[in-house]
Amino acid sequence: MAASAALRSARAQAVWTRAELCAADLGRAAHWTTPSLRERVTQALRWPAVQPLVEPLPPLDTLIAVGGGTLLDQAKLLRWQRHPALRLIAVPSLWGSGAESSPVAVINTPAGKEITVDDGLLPEVRVLWPELLESVPEGRLRQGSGDVWAHALEGFLSPLAGPELRRELAALMHRMLAVGLGRDPQWLELGAQASAGQARSSVGLVHGIAHVLESAGAIDAAGQRLGHAALCATWLWPVLRFDEQTSGKVDHLLAEHALEATAVWATARALCDEALNRRLGPLLRAHWPKVLRDRCTRTNCALVRPSALEFFTAPESCAAPGASGGPA
Amino acid sequence: MTDRERLKALLIDTFLLDPEEFSFDLRRAQVDTWDSLGVVSLAVGVEQTFGYHLTPEEAMSLDGVPALVAILQREGISCGG
Numbered sequence: 001m002a003a004s005a006a007l008r009s010a011r012a013q014a015v016w017t018r019a020e021l022c023a024a025d026l027g028r029a030a031h032w033t034t035p036s037l038r039e040r041v042t043q044a045l046r047w048p049a050v051q052p053l054v055e056p057l058p059p060l061d062t063l064i065a066v067g068g069g070t071l072l073d074q075a076k077l078l079r080w081q082r083h084p085a086l087r088l089i090a091v092p093s094l095w096g097s098g099a100e101s102s103p104v105a106v107i108n109t110p111a112g113k114e115i116t117v118d119d120g121l122l123p124e125v126r127v128l129w130p131e132l133l134e135s136v137p138e139g140r141l142r143q144g145s146g147d148v149w150a151h152a153l154e155g156f157l158s159p160l161a162g163p164e165l166r167r168e169l170a171a172l173m174h175r176m177l178a179v180g181l182g183r184d185p186q187w188l189e190l191g192a193q194a195s196a197g198q199a200r201s202s203v204g205l206v207h208g209i210a211h212v213l214e215s216a217g218a219i220d221a222a223g224q225r226l227g228h229a230a231l232c233a234t235w236l237w238p239v240l241r242f243d244e245q246t247s248g249k250v251d252h253l254l255a256e257h258a259l260e261a262t263a264v265w266a267t268a269r270a271l272c273d274e275a276l277n278r279r280l281g282p283l284l285r286a287h288w289p290k291v292l293r294d295r296c297t298r299t300n301c302a303l304v305r306p307s308a309l310e311f312f313t314a315p316e317s318c319a320a321p322g323a324s325g326g327p328a
Numbered sequence: 329m330t331d332r333e334r335l336k337a338l339l340i341d342t343f344l345l346d347p348e349e350f351s352f353d354l355r356r357a358q359v360d361t362w363d364s365l366g367v368v369s370l371a372v373g374v375e376q377t378f379g380y381h382l383t384p385e386e387a388m389s390l391d392g393v394p395a396l397v398a399i400l401q402r403e404g405i406s407c408g409g
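For the protein sequence lines, the chains are F and X, in the order given.
Oh and the first sequence: position 218 is 218 in this note's numbering, straight run, nothing missing.
This note's numbering runs 328 ahead of the 1-based position in the second sequence.
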């Protein structure tokens, strides 16, 4: 791969392997890596580590950001706001957010999630380094797959999606169904493509709920904070049911693109943690006005009225398929 | 429920209005949630409620409730007063 050619364009993104990264001429380069992987990445790369949140960046030509969606989005914003001449290479340490492949950055603020969209946020290169995921627990990977599904499905159903994008995302979902929800490095590429796709349309209520509940400090039964991927994974099924019952578009679009509805429903169902959703019901109720105003909610494929809260907090909202008139 | 009542309920829900804020003379400039995302929500809601698909040009050109009523009336949906 011609690294220098890929680096010339801020809008076209190249995809490298770890070997290609290691062989590239990046000028003055450094890596910014999430703490849990810093030692390992420092051993694997010849460039030094930097920590831009605690010390100023030295003069650099290239910053290699290695981590999850939060770190990658921070790196995208850092470059966009303060170092526009810097070349940015994104190495995801988990699939799901697809931050490495989208011109979107989401950061937490005291007022909630702040979303920035600009072509200048897209990293010039993303790197597939699947060995970084070896220590990630199965549950986290499964939640990441839920995030990928939420991107692909909501982007596909979005009222802002055109026919070409729908064809692309439908083809992607066919591949996702074939891969299944297990530990498979193909999810790195699937996640990147789903994220890039949704950035060309919009996402919907799954993300609206996830953004608000994450900012509200949602926790699981063990008292652990729930991240974006976990919330997307568990709310995908009830939102899909709501969309299906509220709008005829879900069934129509799935059929039009030869997507086997039963397989899509089964995947969404498998990602849902019913007990968790019931536990989150009161938090959802308390923050429902914010969910309604979230920009993702407002581009959902079905109109989300204030009264929709009753659907999501009803005991049967996560019930088994067919139990309450939902899709079988 | 009449079409006019359904339209009122749709607009109140779409733009998150208090019922007393609503009137059939409401202009887009008076509604802070009738922004570009509100245009999308409204188009989705009109299609769900009345089965009419607003074109992007129609949805973007709406400057208030009367313009929407006029389009729906043209399509045979009786929302007029």
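Calculated directly from the structure, the hints in this document are not laboratory data.
Every residue gets a Cβ at the ideal spot worked out from N, C-alpha and C, and that includes glycine.
Check before you lean on any hint, since a few could be wrong.
[To be verified] Here are the computed lysine-lysine pairs in the BS3-like style, where the Cα-Cα straight-line distance is at most 25 Å:
hint: 1; chain 1: F; residue 1: K290; chain 2: X; residue 2: K336
hint: 2; chain 1: F; residue 1: K113; chain 2: F; residue 2: K290
hint: 3; chain 1: F; residue 1: K249; chain 2: X; residue 2: K336
[Said to hold, decoys possible] Simulated DEER-style distance windows between Cβ atoms:
hint: 4; chain 1: F; residue 1: A216; chain 2: X; residue 2: R402; range: 41 to 47 Å
hint: 5; chain 1: F; residue 1: A222; chain 2: X; residue 2: P384; range: 45 to 51 Å
hint: 6; chain 1: F; residue 1: G223; chain 2: X; residue 2: G408; range: 31 to 37 Å
hint: 7; chain 1: F; residue 1: V15; chain 2: X; residue 2: I340; range: 56 to 62 Å
hint: 8; chain 1: X; residue 1: F352; chain 2: F; residue 2: V15; range: 51 to 57 Å
hint: 9; chain 1: F; residue 1: P282; chain 2: X; residue 2: P347; range: 46 to 52 Å
[To be verified] The following residues of chain F were derived to be distant from chain X, with all beta-carbon distances above 12 Å:
hint: 10; residue: Q43
hint: 11; residue: T116
hint: 12; residue: E138
hint: 13; residue: G248
hint: 14; residue: H257
hint: 15; residue: V304
hint: 16; residue: A314
Violated hints - listed by number, lowest first: Numbers 6, 7, 9, 13 and 15 - these are the hints that the structure violates, sorted from lowest upward.
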